[in-house]
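Asks: Produce the complete structure using the sequences and hints provided.
Residue numbers are given in my numbering: position 540 of the first sequence equals residue 540, and the series is strictly consecutive.
Among the hints, a few may not be true.
What the hints assert, rightly or not - Pairs of lysine-lysine residues, derived as DSS-like cross-links and limited to a Cα-Cα distance of at most 25 angstroms, are as follows:
1) Lys-276 / Lys-231
2) Lys-104 / Lys-139
3) Lys-545 / Lys-478
4) Lys-107 / Lys-63
5) Lys-145 / Lys-122
6) Lys-122 / Lys-139
7) Lys-145 / Lys-104
The hints are simulated quantities; they were obtained by calculation from the structure and are not laboratory data.
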Amino acid sequence: MSFNASLANLFDRMSAMLELTGADRFRVNAHAKAARVIRDHATDLEPIARDPKALTAIDGIGKGTAAKIAEFAETGSIAEHDELAGRVPPGVLEMLNIPGLGPKTVKLLWEEKGIESIHALKDAIEDGSILDLPRMGAKTVENIKESIAFIESSGKRLHIGVAMPVAEALVARMLNTAGVTRCAFAGSLRRGKESIGDIDVLVSTTDPEAARAAFCEHSSVTKVLARGEHKCSVRLSLDGLGGRFAAETEAAIQADLRLIPESSWGAALMYFTGSKEHNVRLRERALAKGMTLNEWGLFPEDRNDSTPPQQRGVPAVASETEASIYEALGLPFLPPTVREDRGEFDLKHTPRLIEVADIKAELHSHTVASDGEMTIEESAAKALERGFHTLAITDHSQSSAVANGLKPERLREHIKRVRAANEAVDGITLLAGSEVDILVDGNLDYDDDLLQMLDILVASPHAGLKARPAQATKRLLKAISHPLVHIIGHPTGRLIERRPGMEPAMDELIAAAIEHDVALEINAHWMRLDLRDTHVRAAVEAGCKIAINCDVHAPGDYDNLRYGVLTGQRGWLPPEQCINTWDHQKLHDWLRSKR
DNA sequence: GCCGTTTTCGGCCCGACTGTTTTCAGTCG
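Replies: Written as structure tokens, this is what we have:
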């Protein structure tokens with residue numbers, strides 16, 4: 001695990017353990033925030049770990065945290081963490097993962113009943129001894145029991161590519177319900193995060209009961225967690241929603257419905273889109289301007305009245321649109337994908353971020369020659385449908401044996417076939433390329449004289465993904481410096497929630513990519529999204545070229561483009577910095593410049 | 001523990017819902 005990730009995990013654990021031992025809640029929050037900014041930080045903190053000035057320049061890191069980071073760099077541990085870990089059993093921390101169980105209850109279970117693990121908790125539920133605790137009734141116990149079953153069966157975060165179609169189906173269903181005038185999803189899905197904890201759906205309606213019924217009584221609902229006036233919460237099984245997710249049929253997800261008056265639509269959309277951290281900063285900003293912000297709107301602040309302003313009939317300063325609220329707070333409109341409290345409040349104008357419509361070329365695709373499902377011509381037809389001017393055919397190289405990688409002789413024939421297809425197909429340029437393995441030693445999988453024949457070269461790591469960071473960096477730097485390489489494909493090789501991939505020094509890769517005029521890829525497949533958002537942000541700030549590719553294997557893969565674009569947006573990627581947006585002339589001039 | 005366009009001390013976001021209560025604590029987002 002990287003320095004930043006290890007450190008962030010320690011701070012997360014410290015935050016939880018402080019809470020469980022009754023520490024001041026602001027100290028608890030400060031540790032949680034430190035964990036977040038450390039995890040989100042795009043460059044490795046180890047080189048500056050002994051430089052308190054550089055560390056405290058990062059928002060959320062003060063003197064105390066800087067000292068702990070230095071201690072971790074020096075000794076590999078943090079004394080405060082170890083001291084806390086000596087007092088809080090690991091199983092107690094684990095209980096915090098049970099939905100509906102928070103720190104107060106876990107503390108109570110631990111201190112009053114000596115329950116120190118989920119296993120012991122199950123025993124206490126079975127023998128009924130848990131009922132002795134205050135505020136612990138039959139219904140609460142039943143909910144805890146179901147929550148444990150939920151996290152033990154699935155309960156994991158879902159890939160954006162799985163959650164998005166479910167959310168779109170939900171929105172379509174609600175829009176088809178009598179009385180519904182507006183409907184949209186919000187939450188981390190709208191922010192384009194790579195994985196999703198739950199789905200938030202907002203509706204405005206003239207018939208609230210019909211909306212509640214449409215939401216809570218659908219056949220895919222396995223449990224109704226809440227059904228209130230303004231909010232319903234359900235657990236869904238995914239196989240009830242179209243059966244498109246064969247591998248995910250075990251999966252379940254929570255979905256929340258919020259009933260919103262039209263007049264508060266913007267405030268609610270903003271509130272439920274988050275992120276939580278972004279919202280906190282917005283509300284602080286509102287207070288500083290003598291106003292208060294909630295999901296009903298932005299209101300004048302009245303310190304003398306604790307009744308929420310919307311209940312007193314106070315007219316809102318702004319509430320109907322997100323843009324009007326940002327404006328009233330003296331901010332430009334901030335697109336959902338940048339709302340992470342990662343510096344967006346310093347923006348003077350709404351950034352022009354990349355959009356799906358900007359993409360004009362797919363530069364990473366596979367055909368039946370290796371492990372794809374389509375012929376060259378079939379893939380070209382799909383690319384044409386999207387209005388692309390260029391499609392690069394980049395089948396696997398020889399070392400990718402399981403993917404039917406091409407031996408040198410087959411590649412030579414394949415190049416001829418692509419060139420012939422390019423002559424035959426109108427309206428699009430087909431490039432003869434290859435996705436060449438970056439071998440464990442950093443060398444490429446074909447000889448240079450063969451590579452020289454290719455119009456485009458995507459170099460990607462496929463094996464040896466457990467290499468240590470230093471080794472991974474060396475390997476990738478060698479590939480980047482190869483003069484024939486255009487693009488580094490899925491640079492870390494990670495699979496979201498499945499395989500961590502490599503953790504190279506991303507700042508070094510970015511610097512080398514700029515020096516050697518190489519583009520780093522955002523692989524748009526929702527299982528990869530590699531580069532990830534924070535890496536993109538670092539690359540964008542450094543001025544590195546980015547490619548967004550679908551890594552096409554099947555017809556539907558072209559539809560993954562939007563996930564790559566969302567990841568680009570989360571990295572603040574402007575269209576001109578992404579080579580897939582360039583017009584034909586500019587793109588092909590650049591490709592030829594490396595031949 | 002962090003932070004400063006009123007502050008280097010004294011603050012630190014806001015409301016809905018559930019389950020257990022009989023006025024509210026805990027959790028969530």
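Asks: It remains to establish, for every hint, whether it holds in the given structure.
Replies: How the hints compare with the structure:
no.: 1; hint: Lys-276 / Lys-231; result: 18 angstroms, holds
no.: 2; hint: Lys-104 / Lys-139; result: 18 angstroms, holds
no.: 3; hint: Lys-545 / Lys-478; result: 18 angstroms, holds
no.: 4; hint: Lys-107 / Lys-63; result: 30 angstroms, violated
no.: 5; hint: Lys-145 / Lys-122; result: 7 angstroms, holds
no.: 6; hint: Lys-122 / Lys-139; result: 15 angstroms, holds
no.: 7; hint: Lys-145 / Lys-104; result: 18 angstroms, holds
Hint 4 alone, counting from the list given before, is not met by this structure.
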